[in-house]
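With chain A fixed as given, assemble chain B onto it according to the hints.
Top to bottom, those sequences are chains A and B.
Just so you know, the first sequence maps onto residues 1 to 162 in the numbering used here.
Just so you know, the second sequence maps onto residues 1001 to 1171 in the numbering used here.
Keep in mind that the hints were calculated from the coordinates and are not lab data.
Every value quoted in this text rests on a predicted model; they were computed, and no experiment measured them.
A virtual CB, placed ideally from N, CA and C, is assigned to each residue, including glycine.
The reader is advised that the hints may include incorrect statements.
[To be verified] Pulled from the structure, derived: some chain B residues nowhere near chain A, Cβ distances all over 12 Å: (1) PHE1007; (2) PHE1058; (3) GLY1154.
[Unchecked claim] Below, in silico cross-link-like pairs of lysine-lysine (DSS-like), each with a Cα-Cα straight-line distance of 25 Å or less: (4) A:LYS66 x B:LYS1061; (5) A:LYS33 x B:LYS1140; (6) B:LYS1140 x A:LYS148; (7) A:LYS71 x A:LYS115; (8) A:LYS7 x A:LYS33; (9) A:LYS118 x A:LYS71; (10) B:LYS1146 x B:LYS1061; (11) A:LYS115 x A:LYS66; (12) A:LYS148 x A:LYS33; (13) A:LYS33 x B:LYS1061; (14) A:LYS33 x B:LYS1010; (15) B:LYS1140 x A:LYS66; (16) A:LYS115 x B:LYS1112; (17) B:LYS1112 x B:LYS1068; (18) A:LYS118 x B:LYS1112; (19) A:LYS66 x A:LYS118; (20) B:LYS1146 x A:LYS148; (21) B:LYS1140 x B:LYS1061.
Given next are the chains, with one letter for each unit.
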Amino acid sequence: MSQWFPKLKPLGREVWERSVLLTQFLCCIHIIKEHVVEIHQVMGPSMLPTFSAVGDVLLVERLSTKFQRIKQGDVVMALSPENPRLIVCKRVLGLEGENLVVMPTHGSGRVQHIKVPKGHVWLQGDNLSNSTDSRHYGPVPYGLLRGKVFLRVWPPGGWTRF
Amino acid sequence: MAEPLWFLAKRSAAAAMICITFTDIVGNFATIQGNSMQPTLQQGHKDFISLLKGDVVFYEKISAPAYKYCRGDVVVLRSPTDPDQLMVKRLIAMQGDWVNVPGSHEIHQIPKGRCWVEGDNGNLSLDSRNFGPIPLGLVKGRVTIKVWPPHRIGRVERVLPEGQVMFTDIT
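One chain only, chain B, in its complex shape:
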């Protein structure tokens, strides 16, 4: 009988459309790979059992169109060196701020429209200390909560490292 199949196909297509629209506009889940955000976020390893131990986070995209991000937010961004890859880093500074690069005496002023991102685990992280300030347009969403594993469920807090940034304004 073709009719129940057609009905199922229509319902699946409608559900898929709503899911895709939701993940484009509201937010999406992401599995953490890589340890650059330790201890805040942990990765799962390559084999299937350990993959279940890695953190899964939810990131919201509602702030994305207006770019309403704050210093200290953990954000999801498209990598400036590999456009297929999404990275999770902490937003440290916005345009106009002066940033002290940790571990050196360099001070950078962030140009217009750019921002400075760093991983919480400085030793392992490939971030603005390597590729410099990045355009804010690459930031795609803000990580709000960890949803897996159960013992690590909780909010991902906004934290600004002390003494690294000098703001030019409060917004």
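For reference, chain A alone in the conformation it holds in the complex:
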């Protein structure tokens, strides 16, 4: 038993140092993903023609939502009010305090006049005929917003603000 110990001690130290390094690396990745920028793939037709339905890959920055610098027209990622495990990608059409006129989704609906309440935003997908958004679940609390989309990395072609 005593002959094993001198061999194990440097090995143990190396395992410890590698573990510490790995932990620090994982923490660094977490902090970047959670507080600076993350990569998202969006699926679904609700943001056509801005994003395709089959999975564009976007870069989402997490700073604008934390410092309340979201403006009208920004495309944001948010937790869905109807399902907190679902992240949706929509455009901000109205900020708190603004008055909006919302056109009916189908021919028979009424035109709605909405004032966006304090602390909320109005989200809509660009594809009005096939998007579940604030027209269905109402104004979305600002606290559900996760980040602002600023770049498309796939398919290549850069970002154009619409």
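Just chain B now, kept in the frame of chain A:
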């Protein structure tokens, strides 16, 4: 000598990263301000000496990604009216439940993905009775223990007010 300074800087950065990751994933401490959760939780007042008398709680965020909260939990949530502010309230009802608003004859059914929160001190609390059911995504963690002041250390229990909620299912 630059070397010990550099060593200190590296160690501080590493420690900061681990602390930030811990407070994001595992849980964090919070000082109670406001009396909406009396008598369960008490606030400290504005001057420094009294601030030390206010409750400090630990809230865990491990339940947060799966939203594994139960009716009666005391939770930390982002305010629906002021996104910079965190509130501490009790989770009374989940989606699909029927809630009787205390003090009135109104009954609300909680829509999909929402929940109903109330402060234990009904007179002072700004909660779902004012702003309605809120999306469950605003709930950021569950308060588990009080850590300060020493004579109030203890678990924060899950308590459901009698007769206020009708469940549609047990989960």
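Any of the earlier hints contradicted here, and which numbers?
-> The structure breaks hints 8, 20; every other hint is satisfied.
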